[in-house]
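Protein chains in written order, with our numbering: chain A, 1 to 112; chain B, 1 to 107.
Honestly, I wouldn't trust all of these hints.
[Claimed, not checked] Pairs of lysine-lysine residues, derived as BS3-like cross-links and limited to a Cα-Cα distance of at most 25 Å, are as follows:
id, chain 1, residue 1, chain 2, residue 2
1, B, Lys54, A, Lys96
2, B, Lys68, A, Lys96
3, A, Lys96, B, Lys55
4, A, Lys96, B, Lys53
5, B, Lys55, B, Lys68
6, B, Lys54, B, Lys68
7, B, Lys68, B, Lys53
[Claimed, not checked] According to the in silico footprint, chain B covers these stretches of chain A (three or more CB under 8 Å from chain B):
id, region
8, 39 to 45
9, 53 to 59
10, 97 to 109
[Claimed, not checked] Here are a few chain B residues that face chain A, going by a calculated C-beta distance under 10 Å:
id, residue
11, Ala31
12, His33
13, Leu35
14, Gln37
15, Gly40
16, Ile43
17, Val84
18, Ala88
19, Pro90
20, Asp93
21, Leu95
22, Gly98
23, Thr99
Everything labelled a hint here was simulated from the structure, so no lab data went into it.
For glycine and all other residues, C-beta sits at the position ideal for the given N, C-alpha and C.
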Amino acid sequence: ETGVTQSPTHLIKTRGQQVTLRCSSQSGHNTVSWYQQALGQGPQFIFQYYREEENGRGNFPPRFSGLQFPNYSSELNVNALELDDSALYLCASSLKGWETQYFGPGTRLLVL
Amino acid sequence: KNEVEQSPQNLTAQEGEFITINCSYSVGISALHWLQQHPGGGIVSLFMLSSGKKKHGRLIATINIQEKHSSLHITASHPRDSAVYICAVPAEDKLIFGTGTRLQVFP
Chain A
1 ETGVTQSPTH
11 LIKTRGQQVT
21 LRCSSQSGHN
31 TVSWYQQALG
41 QGPQFIFQYY
51 REEENGRGNF
61 PPRFSGLQFP
71 NYSSELNVNA
81 LELDDSALYL
91 CASSLKGWET
101 QYFGPGTRLL
111 VL
Chain B
1 KNEVEQSPQN
11 LTAQEGEFIT
21 INCSYSVGIS
31 ALHWLQQHPG
41 GGIVSLFMLS
51 SGKKKHGRLI
61 ATINIQEKHS
71 SLHITASHPR
81 DSAVYICAVP
91 AEDKLIFGTG
101 TRLQVFP
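If we strip away everything but chain A, and leave its shape as in the complex, we get (with noise of 0.2 Å):
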């Protein structure tokens, strides 16, 4: 059984571009959730998806978008990215909803 995998691991962009971040799910989660957390900050919700479909955001703007898909992995999108979206973006996969999350290692994204 694996565990959650993200990519990649570093990113660099610059602002005004457009990212995509990835995530695979351990296998039988249908739950995947996405968080951003600033340097020195604790995490922030940014959406939940259950069995492709959005189940739950939090306070982020629509330029932050996902896709889940029928493997369960899932992407996050940013778009017009802006210099406060350096962060560590965390992926969880659960069984479902908001049991036990497994959280992957993570992809930083800094902006320029």
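Since the structure of chain A is already known, use the hints to place chain B on it.
Below, chain B without anything else, positioned relative to chain A:
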């Protein structure tokens, strides 16, 4: 006022000491998560609990739903317990995180 508050924010201890971290919340919840984050970013889920008490090794988590309060205890603390401990509560369709407690255990 944050919907989920933790105390203390920072904690230092000598190896072997008993540690308590507290989490209070103001939203209605079905369960509460305790998470551990080591330097470098990886987050590990320690407990998810909706009532009573859970124990795993030297870690114990308790929750009082009526008082909207949970505690995480570490018995016989060790330097490898040094990390940030975060409580998180699902509320409606969001997961709300506490401010985190940074624990340093010295030999």
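Now for the hints, and whether the structure bears them out:
no., hint, in the structure
1, B:Lys54 with A:Lys96, "holds, 21 Å"
2, B:Lys68 with A:Lys96, "holds, 24 Å"
3, A:Lys96 with B:Lys55, "holds, 23 Å"
4, A:Lys96 with B:Lys53, "holds, 22 Å"
5, B:Lys55 with B:Lys68, "holds, 20 Å"
6, B:Lys54 with B:Lys68, "holds, 17 Å"
7, B:Lys68 with B:Lys53, "holds, 14 Å"
8, 39 to 45, "holds (count 4)"
9, 53 to 59, "holds (count 4)"
10, 97 to 109, "holds (count 10)"
11, Ala31, "holds, 7 Å"
12, His33, "holds, 7 Å"
13, Leu35, "holds, 8 Å"
14, Gln37, "holds, 8 Å"
15, Gly40, "holds, 9 Å"
16, Ile43, "holds, 4 Å"
17, Val84, "holds, 8 Å"
18, Ala88, "holds, 8 Å"
19, Pro90, "holds, 4 Å"
20, Asp93, "holds, 3 Å"
21, Leu95, "holds, 5 Å"
22, Gly98, "holds, 7 Å"
23, Thr99, "holds, 6 Å"
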